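Chemist: Fit chain B to the supplied structure of chain A, relying on the hints for placement.
Protein chains: 2
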Amino acid sequence: MSTDRDKALVVLSGGQDSTTCLYWAIDRFGPANVSSITFDYGQKHRIELECAREVATVAGVPNVCLPIDTFAALGGDALTDTAVPVSNGVDEETELPVTFVAGRNLIFLTFAAAYAYRHGARHLVTGVAQTDYSGYPDCREETMAALQLAITLGMDREFTIHTPLMHRTKKETVDLAVQLGALEAMALTHTCYNGQRPPCGECQACRLRARGFAEAGVHDPLLDI
Amino acid sequence: MSTDRDKALVVLSGGQDSTTCLYWAIDRFGPANVSSITFDYGQKHRIELECAREVATVAGVPNVCLPIDTFAALGGDALTDTAVPVSNGVDEETELPVTFVAGRNLIFLTFAAAYAYRHGARHLVTGVAQTDYSGYPDCREETMAALQLAITLGMDREFTIHTPLMHRTKKETVDLAVQLGALEAMALTHTCYNGQRPPCGECQACRLRARGFAEAGVHDPLLDI
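Residue numbers (this note's numbering), protein chains in the order written: chain A, 689 to 913; chain B, 689 to 913.
Bound conformation, chain A alone (with noise of 0.2 Å):
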């Protein structure tokens, strides 16, 4: 019988790295103890929600999508902001992405806490890596090791924030997707920072995903539709 230490919840952005960490929690905790979240926060590419609902459809784990207008009130990234364009540049005054958007990770997770909370889930599950991180730190992994404090510490419950590709390249993380069997799914996914399918194979996550690919030797199925 499983208990709630047993079920875990995915955060799925509809991306392949989210995406490959939903095969590992099903491998990992079984395909009746995972369930997946998704946050509708205002993306400009909204594509990213209908990407993520596919994608756990053919994975047969639940998809709930929670609704966060506060980054668009905050406004000033390019993600969410139409006064932003999207680019690989860096914010001049910050030095980071022109991309990152402050807090999202730890919201993102704080949020899927409080919904495991309600829900009996003890294990969260994010594809961050700091191999290829981009530039973001909230991906790091001493960012995730304080969140998963925190968020024990004030829920009074005991969370354990799952990493599967933190230390991975693009490269080990297409290897590891082969592996679960996560490669056909990999066709439902969403990565280009331009919101084009097929992607636009110009912008910083374009090329990232495609190196990863390549170097892995395996043939991308998202190039296909």
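Identical chains blur together in the list; that is why a pair holds if it fits in one copy or across any two.
Here are the computed lysine to any residue pairs in the SDA-like style, where the Cα-Cα straight-line distance is at most 25 Å: (1) K695 - R845; (2) K695 - A760; (3) K695 - P825; (4) K732 - H807; (5) K732 - L754; (6) K732 - A760; (7) K732 - R806; (8) K695 - G763; (9) K732 - Q884; (10) K732 - D757; (11) K732 - A761; (12) K732 - P755; (13) K732 - C891; (14) K695 - A761; (15) K859 - E830.
Worth flagging that the hints you see were computed from the coordinates, not collected in a lab.
Fair warning: this is a prediction, and the values are worked out from it, not measured in the lab.
Modeler: Only chain B this time, still in chain A's reference frame:
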């Protein structure tokens, strides 16, 4: 000349504690360096938002109100879910008060940090206290310490979370408010869990407040409205 290092952002709920913290911050950082942030998270008692605005006006500091639609979507707590009556009771499963909104203070402070990140403040001030903390685990000092580390690492900026009331009893908080000249503003604050002005005097929040003023030997100006 003041720098980002001197600027403070107070999480202002419109209640007694956060109002005292606002005056504490003005005393500590100077009125020109202080601003306040309030969250519209779908609380049933909309009066809190108005109270926060009025308190900030009387104190002479800016107040910004950010929406958070996620808690209402999560459901299940007495402060946002119309299906759960506000009471002094505890949730049978979690043994925490039904008024506990899982993750609320973690989310408030993380969004406050995201706002501060954009607007050049490094000091965050919150009225949480573990002395009379009513069973809320997200008010504890160790939770705040873990969260300070998570937001500092996650946004790559050194934030300090100030909790001037952490170890004060309600009586000592009233003493502090008197000392800081915040007593007049207390008439504008809201405490009652039943959303009543004048306060109901029956709910746990009202009783804690009344006891604090009584023990300090101070008349609560809220009772004169």
